[in-house]
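Number of protein chains: 2
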Amino acid sequence: MQRFVNHADFIVEDMMKGIEKARPELEILSENDHVMKLKAAPIASKVGLVSGGGSGHEPAFLGYVGHQMLDAVAVGEVFSSPPAQAFYDAFMSVDSGNGVACLFGNYAGDNMNVKMAVDMCLDEGVEVKYVVATDDVSSSPKETKEKRHGIAGGVFMWKVAGAKASQGATLDEVIRVAQKTVNQTRSICVGLSSCTIPAVGKPNFHIDEGKMEFGIGHHGEPGMHVEDLKSAKDIAKDMVKAVVDDLEVKADETLSVIVSGLGATPIMELYVLYNDIESELQARNINIDKVLVGNYVTSLDMNGAALTIMRMDDELHELLEVEADSMGLRV
Amino acid sequence: MQRFVNHADFIVEDMMKGIEKARPELEILSENDHVMKLKAAPIASKVGLVSGGGSGHEPAFLGYVGHQMLDAVAVGEVFSSPPAQAFYDAFMSVDSGNGVACLFGNYAGDNMNVKMAVDMCLDEGVEVKYVVATDDVSSSPKETKEKRHGIAGGVFMWKVAGAKASQGATLDEVIRVAQKTVNQTRSICVGLSSCTIPAVGKPNFHIDEGKMEFGIGHHGEPGMHVEDLKSAKDIAKDMVKAVVDDLEVKADETLSVIVSGLGATPIMELYVLYNDIESELQARNINIDKVLVGNYVTSLDMNGAALTIMRMDDELHELLEVEADSMGLRV
Chain A
12 MQRFVNHADF IVEDMMKGIE KARPELEILS ENDHVMKLKA APIASKVGLV
62 SGGGSGHEPA FLGYVGHQML DAVAVGEVFS SPPAQAFYDA FMSVDSGNGV
112 ACLFGNYAGD NMNVKMAVDM CLDEGVEVKY VVATDDVSSS PKETKEKRHG
162 IAGGVFMWKV AGAKASQGAT LDEVIRVAQK TVNQTRSICV GLSSCTIPAV
212 GKPNFHIDEG KMEFGIGHHG EPGMHVEDLK SAKDIAKDMV KAVVDDLEVK
262 ADETLSVIVS GLGATPIMEL YVLYNDIESE LQARNINIDK VLVGNYVTSL
312 DMNGAALTIM RMDDELHELL EVEADSMGLR V
Chain B
12 MQRFVNHADF IVEDMMKGIE KARPELEILS ENDHVMKLKA APIASKVGLV
62 SGGGSGHEPA FLGYVGHQML DAVAVGEVFS SPPAQAFYDA FMSVDSGNGV
112 ACLFGNYAGD NMNVKMAVDM CLDEGVEVKY VVATDDVSSS PKETKEKRHG
162 IAGGVFMWKV AGAKASQGAT LDEVIRVAQK TVNQTRSICV GLSSCTIPAV
212 GKPNFHIDEG KMEFGIGHHG EPGMHVEDLK SAKDIAKDMV KAVVDDLEVK
262 ADETLSVIVS GLGATPIMEL YVLYNDIESE LQARNINIDK VLVGNYVTSL
312 DMNGAALTIM RMDDELHELL EVEADSMGLR V
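If you read the sequences in order, they're chains A and B.
Residues 12 to 342 (my numbering) make up the first sequence, in order.
Residues 12 to 342 (my numbering) make up the second sequence, in order.
Because the hints were derived from the structure by calculation, they are not lab data.
All residues carry an ideal CB built from backbone N, CA and C; glycine is no exception.
Please note that a few of the clues may not be correct.
Unchecked claim - Chain A stretches covered by chain B per the calculated footprint, using a threshold of three residues with CB under 8 angstroms from any CB of chain B:
#1 157 to 169
#2 236 to 250
#3 324 to 331
Said to hold, decoys possible - In silico DSS-like cross-links for lysine-lysine, where the CA-CA straight-line distance does not exceed 25 angstroms:
#4 B/K244 to A/K213
#5 B/K213 to B/K248
#6 B/K244 to A/K28
#7 A/K32 to B/K244
#8 A/K28 to A/K50
#9 B/K248 to A/K28
Stated by the list, open to error - Covered stretches of chain B (in silico footprint by chain A; criterion: 3 or more residues with CB under 8 angstroms from a CB of chain A, positions within the stretch not fixed):
#10 270 to 282
#11 304 to 316
Given these sequences and hints, build the entire structure.
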């Protein structure tokens, strides 16, 4: 395992210390070393925004704490949910009396721990509502789309909700726009090679040379199918079809797009892929609003890419345009 | 070779098309498809700023074209210099009558082609001066430091010169601050695994499992030595020593720092490494001003990291604080 690490069991703690030192606007919560928060939070008269999840997806989730973005995140070990206590501490640390919105991705552990933490807050008189991202079209059929996992679509959710909260919106208004991004967002991943969890020390799945896994999950969950590695153009075509068909996007509609690397994919190739994705959308007469290409939600050192689309309207367009400043996204 | 690519021989063109589509402020020069420029350039009354070099280092060099950053770049094939004609076309496309500064990294091909292009411009009455980055301490001994290669230190040079040019400085003033960043900047790389040039299809060097190459170059040039893979803390100690000793940084001086991944290194590990680098600098009573951690100058899919330090003074501090907006860096 070729890694920059001291002890694999403390890689998350060491990363968090590094982030706290590198980013003066952030701090590790003194009561819980698995919560990273904006120093400025709680912000008076603003709904608190929290996310959380397993580590290994950097810059998610920590990297989206920032000005007019998230106020805090609960940080789990690599690929595993933070405990309920971490979500609870994150919620309590950012509540200014206006309630807290928890915006996270749909995984069993996160779901369970968020719900426990929400109940714990209720006992303290702090209202927490939540929205669960379910953008990964490969993780469950359309008929059971509420069972789908959340992947890079969270970036749109955090940006939109962060902007709305910064405008003084109520908790219900923040929850409404966050849920709207979930309803309007779809993602699909393609994996070209595996990733290695530091504490395990060997790849947690395998993709043969010359093959690709279409629809792979962010932790290596099996995709829709394994097939021969295609050209970027053909991969782009399949990825666009998967998300556009599922969201039922029609000609003349407008999308915002994220192409996120999964960790080990050269930036050069993300733009090669985006070039073909854009051509494919153009061929369908679909308009493109915002475009993000880079490492937005990763899976350790997995080689692969995710395509995320969000159907736009005037409200979402305006909220994406609002100034924001975080490690993972600046507008 | 597990890659998102159509034809390896056209990967650079495809990437450039993708970037042009994703970034509305940029355009491929109509006369030369290996030049990317800011649409707004040439900017009246401003010195034009150009860089260039081989591809495969994304977001360098293209990603530093932007508002108050570079005005254009000449784009070479993977790991090879752009031809003189590309530098010439880049220079001519951004000159507003105030001259052009070419700020590039020290490699034989780039040196030769920049100098030819400078002469070609002179024939047209356009003045171009240049500064050559030589930050890689491993590539030549201190006695012959003018022979050293340029690596991630270019980011500081482009940022500082971009800010200075945006303030209406003359060509000589821009050249002065760019040269100052070179004089004050040192870098060192550590490689944990090789990279693969798409048109070649197999790794262009090899690092054994359990080993690391200290001082590796950005194209896999042999480093100072191969040794057993150390802990992040020990690697950080060696990296800090290499650059701090070479620059003769003393206690109570102030540095700005870049920790750049080389392409395939998880972001998590870059922060683990930064945590130890910061501790090492603290132990030497060295102050830290700006910190950048991420993929700033890469080498395709190489697993490794570079540490860059720049000795700060009031002028450099003020120029690093000036607003800037590019794919690779936003302030």
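Results for each hint:
{"no.": "1", "hint": "157 to 169", "result": "violated (count 0)"}
{"no.": "2", "hint": "236 to 250", "result": "holds (count 5)"}
{"no.": "3", "hint": "324 to 331", "result": "violated (count 0)"}
{"no.": "4", "hint": "B/K244 to A/K213", "result": "22 angstroms, holds"}
{"no.": "5", "hint": "B/K213 to B/K248", "result": "32 angstroms, violated"}
{"no.": "6", "hint": "B/K244 to A/K28", "result": "13 angstroms, holds"}
{"no.": "7", "hint": "A/K32 to B/K244", "result": "15 angstroms, holds"}
{"no.": "8", "hint": "A/K28 to A/K50", "result": "15 angstroms, holds"}
{"no.": "9", "hint": "B/K248 to A/K28", "result": "17 angstroms, holds"}
{"no.": "10", "hint": "270 to 282", "result": "holds (count 9)"}
{"no.": "11", "hint": "304 to 316", "result": "holds (count 7)"}
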